[in-house]
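Given next are the chains, with one letter for each unit.
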Amino acid sequence: MLKKIRVSAFKSILNQEVSLGIMNVFIGANGSGKSNFIEAIGVLSAAAAGRVDDEALQRRGIRLGTPRLYKSAFEEKIPPHIFFEAQTDTAKYAVSLNNPLENPKPAWQYQTEELLCNQETIVNRGPHREIKNKEQGLAALKLVESDENSEVALLINLLRNFAVYTPNTPVLRGIIPDQQTREPIGLSGGRLAEALKELQSLVSKNEFIEEAFDDILSLIDWINAFDTTSNVNAILSSSIARPKNVIRFTDRFMKGHYNHLTAYDASEGALYILFCAVLTLSPNSPYCLAIDNLDQTLNPRLALNLTRLLCQWIIEGDDKRQLLVTVHNPAVLDGLALQDDRIRLFTVDRNNRGHTEINRVTITEEILALSHKKGWPLSRLWVMGHLGGVPNV
Amino acid sequence: MSDYRIGLVVEGITDRIVIESALNKIFADHTYTLIQLQPELSDGLNKGGFGSTGSGWGGVYQWCRQMVNMDITLQENLFLQKFDIIIIHLDADVAEKNYQQANIANPVKNDLPCVQPCPPASHTIQALEQVVLGWLSLKEQLPEPFVMCIPSKCTEAWVAIALYGKSDQNILVDIECHSNIENYLAQKPARERVIRNRSGRMKKITQKYSEKSGQITSQWDYITQKCHQAERFTQHIVAMR
Numbered sequence: 233m234l235k236k237i238r239v240s241a242f243k244s245i246l247n248q249e250v251s252l253g254i255m256n257v258f259i260g261a262n263g264s265g266k267s268n269f270i271e272a273i274g275v276l277s278a279a280a281a282g283r284v285d286d287e288a289l290q291r292r293g294i295r296l297g298t299p300r301l302y303k304s305a306f307e308e309k310i311p312p313h314i315f316f317e318a319q320t321d322t323a324k325y326a327v328s329l330n331n332p333l334e335n336p337k338p339a340w341q342y343q344t345e346e347l348l349c350n351q352e353t354i355v356n357r358g359p360h361r362e363i364k365n366k367e368q369g370l371a372a373l374k375l376v377e378s379d380e381n382s383e384v385a386l387l388i389n390l391l392r393n394f395a396v397y398t399p400n401t402p403v404l405r406g407i408i409p410d411q412q413t414r415e416p417i418g419l420s421g422g423r424l425a426e427a428l429k430e431l432q433s434l435v436s437k438n439e440f441i442e443e444a445f446d447d448i449l450s451l452i453d454w455i456n457a458f459d460t461t462s463n464v465n466a467i468l469s470s471s472i473a474r475p476k477n478v479i480r481f482t483d484r485f486m487k488g489h490y491n492h493l494t495a496y497d498a499s500e501g502a503l504y505i506l507f508c509a510v511l512t513l514s515p516n517s518p519y520c521l522a523i524d525n526l527d528q529t530l531n532p533r534l535a536l537n538l539t540r541l542l543c544q545w546i547i548e549g550d551d552k553r554q555l556l557v558t559v560h561n562p563a564v565l566d567g568l569a570l571q572d573d574r575i576r577l578f579t580v581d582r583n584n585r586g587h588t589e590i591n592r593v594t595i596t597e598e599i600l601a602l603s604h605k606k607g608w609p610l611s612r613l614w615v616m617g618h619l620g621g622v623p624n625v
Numbered sequence: 211m212s213d214y215r216i217g218l219v220v221e222g223i224t225d226r227i228v229i230e231s232a233l234n235k236i237f238a239d240h241t242y243t244l245i246q247l248q249p250e251l252s253d254g255l256n257k258g259g260f261g262s263t264g265s266g267w268g269g270v271y272q273w274c275r276q277m278v279n280m281d282i283t284l285q286e287n288l289f290l291q292k293f294d295i296i297i298i299h300l301d302a303d304v305a306e307k308n309y310q311q312a313n314i315a316n317p318v319k320n321d322l323p324c325v326q327p328c329p330p331a332s333h334t335i336q337a338l339e340q341v342v343l344g345w346l347s348l349k350e351q352l353p354e355p356f357v358m359c360i361p362s363k364c365t366e367a368w369v370a371i372a373l374y375g376k377s378d379q380n381i382l383v384d385i386e387c388h389s390n391i392e393n394y395l396a397q398k399p400a401r402e403r404v405i406r407n408r409s410g411r412m413k414k415i416t417q418k419y420s421e422k423s424g425q426i427t428s429q430w431d432y433i434t435q436k437c438h439q440a441e442r443f444t445q446h447i448v449a450m451r
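Here the protein sequences line up with chains Y and R, keeping their order.
Numbered per our numbering, the first sequence spans residues 233 to 625.
Numbered per our numbering, the second sequence spans residues 211 to 451.
Derived by calculation from the structure, the hints in this document are not laboratory data.
Any given hint could be a false lead.
Capping the alpha-carbon separation at 27 angstroms, the derived lysine-lysine pairs in DSSO-like fashion look like this [stated by the list, open to error]: (1) R:Lys349 <-> Y:Lys605; (2) R:Lys292 <-> Y:Lys606; (3) R:Lys349 <-> Y:Lys606; (4) R:Lys319 <-> R:Lys292; (5) Y:Lys236 <-> Y:Lys374; (6) Y:Lys303 <-> Y:Lys364; (7) R:Lys307 <-> R:Lys292; (8) R:Lys292 <-> Y:Lys236; (9) R:Lys307 <-> R:Lys414; (10) R:Lys235 <-> Y:Lys309; (11) R:Lys349 <-> R:Lys398; (12) R:Lys414 <-> R:Lys398; (13) R:Lys319 <-> Y:Lys606; (14) R:Lys422 <-> Y:Lys309; (15) R:Lys376 <-> R:Lys436; (16) Y:Lys429 <-> Y:Lys374; (17) R:Lys398 <-> R:Lys413; (18) R:Lys292 <-> Y:Lys605; (19) Y:Lys235 <-> R:Lys292; (20) R:Lys235 <-> R:Lys349; (21) Y:Lys337 <-> Y:Lys366; (22) Y:Lys374 <-> Y:Lys364; (23) R:Lys398 <-> R:Lys418.
Pulled out of the complex, with its shape left as it was, chain Y reads as follows:
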């Protein structure tokens, strides 16, 4: 698990260090820099995989930009390179990258690169070291000779498989293809039916998944079943492109034979729930991933309960998965058991100079007691501004 992330001179982030938990929720005004932070991990991910170019960034769900956009452009003196660092308990990977503002190159060049394990240096590259190919990361090459269970390999693989997922309704419905397909599911939600089918095949073998499927059903109150099918003639218009598999929902209010809906017709909230469930439950999902705008299209009560389930699934799951999400719906906060140190809430604000600042909301026993006693849930405190992470409007 990634314990600490440090980012410098990247977009609105001048210099920030964030200690992560297993479930990490970022709240903040639009434009405060939430997405910039998770994208920073995406750039680090590409660096860990050996090359930082548009293709590598796009594969990870990062918005493409020119060096002018990627490098912080504040009034004060800014380091010339963008810098990223990730740490686990025992290993650390840090990299600084450069690309000229004028006539940028297709790939960013590694200026410094450092890979450490238990204080021992595995890779150390400085700007003056004689390396001809500055666009190739050394840590990725080093991985070839590392045991796959070594601390170093675990960190680099954790990073390189990281991606930012941003579900969108037409892709979830299967109307348009996903630009970034992946196993188990594309970055925008493509392949949802296949992913669900694969997960469903585990239900009979895995009680945890079986219970999770029951939990999913409890979130979608208008259905009494869901599955996948390849036989879609009766439930999908012939004018719609036929995928191999479709998700089939059984509407509990409609009479038999007329009560099946596909993802094309179902409420988008149901699709977003399945999307999140697949990402957190599938054994093929990355061990560290981010979902941008987790709560979009969800009713507040649904957002709250989905958050509770996500926390439960990733904490109790076997895969030791780590999740970073950005949200805007206050109800999400009430689904977070922040007294558990593994679940962390961060506010993202911009200070008077425009720098993004990320602060963990720590809930002490006193605050918790006061909140219970006075009936002030986090959602209310957030909306009133007491936590930070709100727009000044």
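Fit chain R to the given chain Y structure using the hints.
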């Protein structure tokens, strides 16, 4: 992390811009994060249930009352302890209003209007400060980290000094008692106008206030020389830095 975390209870967006401009000067080399504190919507289903929260002096009143209704003293309110400074802004012309104008049906005390002859502006300010203390159910003074910010008669006095004080000395005469400063600003040529008068309704143009923010910051020392309330506000903040 910023050097300071500042909470701001403020009448409106343009007031926030002016106060931020002042803070940029007062804090000079320090960084701060400003977070606007707002009341929850409390006017029931009026305006379809989703009126703008925290806008106008009625919003400041509501915020104060909600703090009291949390049933925790301000000093013991752990939810506010992350702030190094909490500024409560109210224009002095609120002293001329009554509660009905802000749709406040059952005020704590029927202590508005409380306006006093001006000059001096300080008598009205003192009366209004007592009113705000009453909103917060306090008897004496605001505890730390609270600071009152009461421009007289309104924030636009500070804007007028920054933009026109040096070129139009007339505007400086008893400016803290000038009841028509918004109108003065609205009569400026269109390209420099920060307030538009549309059939008697004053519209403060957010974009213009933002554009002038740097000028207000650079002129802040001058503003404090001409405006006692600006000077007082600065001193209060400096004392808490």
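These are the hints, each one checked on the structure:
1. With a C-alpha separation of about 26 angstroms, the suggested pair R:Lys349 and Y:Lys605 falls inside the 27 angstroms cut-off, and the hint holds.
2. Straight-line distance between C-alpha atoms of R:Lys292 and Y:Lys606 comes to about 19 angstroms, which keeps the hinted pair within the 27 angstroms bound.
3. The suggested pairing of R:Lys349 with Y:Lys606 holds, with an alpha-carbon distance near 24 angstroms, which does not exceed 27 angstroms.
4. For the given pair, R:Lys319 sits about 31 angstroms from R:Lys292 by alpha-carbon distance, which is inconsistent with the 27 angstroms threshold.
5. Restraint check: the Cα-Cα separation between Y:Lys236 and Y:Lys374 comes to about 22 angstroms, which is no more than 27 angstroms; the hinted pair holds.
6. Between the alpha carbons of Y:Lys303 and Y:Lys364 the distance comes to roughly 24 angstroms, so the proposed pair stays at or under 27 angstroms and holds.
7. Restraint check for R:Lys307 and R:Lys292: the C-alpha separation of about 33 angstroms exceeds 27 angstroms, so the hint is violated.
8. With a CA separation close to 23 angstroms, the supplied pair R:Lys292 and Y:Lys236 stays within the 27 angstroms bound.
9. Under the criterion of a C-alpha separation no larger than 27 angstroms, the hint pairing R:Lys307 with R:Lys414 is consistent with the structure, at around 20 angstroms.
10. This hinted pair checks out: R:Lys235 and Y:Lys309 have alpha carbons roughly 20 angstroms apart, not beyond 27 angstroms.
11. Distance restraint check for R:Lys349 and R:Lys398: the Cα-Cα separation of roughly 43 angstroms exceeds the 27 angstroms cut-off, and the hinted pair is therefore not satisfied.
12. For the hint pairing R:Lys414 with R:Lys398, the CA-to-CA distance comes to about 13 angstroms; that is within 27 angstroms, so the pair holds.
13. Of the pairs offered as hints, the one joining R:Lys319 and Y:Lys606 holds, with about 25 angstroms between alpha carbons and a cut-off of 27 angstroms not exceeded.
14. Distance check on the hinted pair: R:Lys422 and Y:Lys309 sit about 25 angstroms apart at the alpha-carbon level, within 27 angstroms; holds.
15. At most 27 angstroms may separate the alpha-carbon atoms for a hinted pair to count; R:Lys376 and R:Lys436 meet this at roughly 11 angstroms.
16. Taking the CA atoms of Y:Lys429 and Y:Lys374, the gap is near 37 angstroms; set against the 27 angstroms cutoff, the hint is violated.
17. With a C-alpha separation of about 14 angstroms, the suggested pairing of R:Lys398 with R:Lys413 holds against the 27 angstroms cut-off.
18. For the hint pairing R:Lys292 with Y:Lys605, the CA-to-CA distance comes to about 20 angstroms; that is within 27 angstroms, so the pair holds.
19. Only pairs whose Cα atoms come within 27 angstroms are accepted, and Y:Lys235 paired with R:Lys292 is accepted, the gap being roughly 25 angstroms.
20. A C-alpha spacing of about 32 angstroms is found between R:Lys235 and R:Lys349, which places the hinted pair above 27 angstroms, so the restraint is violated.
21. Simply put, Y:Lys337 and Y:Lys366 have alpha-carbon atoms about 12 angstroms apart, close enough for the 27 angstroms limit, and the pair holds.
22. The hinted pair formed by Y:Lys374 and Y:Lys364 meets the criterion: a straight-line CA distance of about 17 angstroms does not exceed 27 angstroms.
23. Our distance criterion of 27 angstroms between C-alpha atoms is met by R:Lys398 and R:Lys418, whose separation comes to about 13 angstroms.
Going down the numbered hints, you'll see the structure goes against 4, 7, 11, 16, 20, while the others check out.
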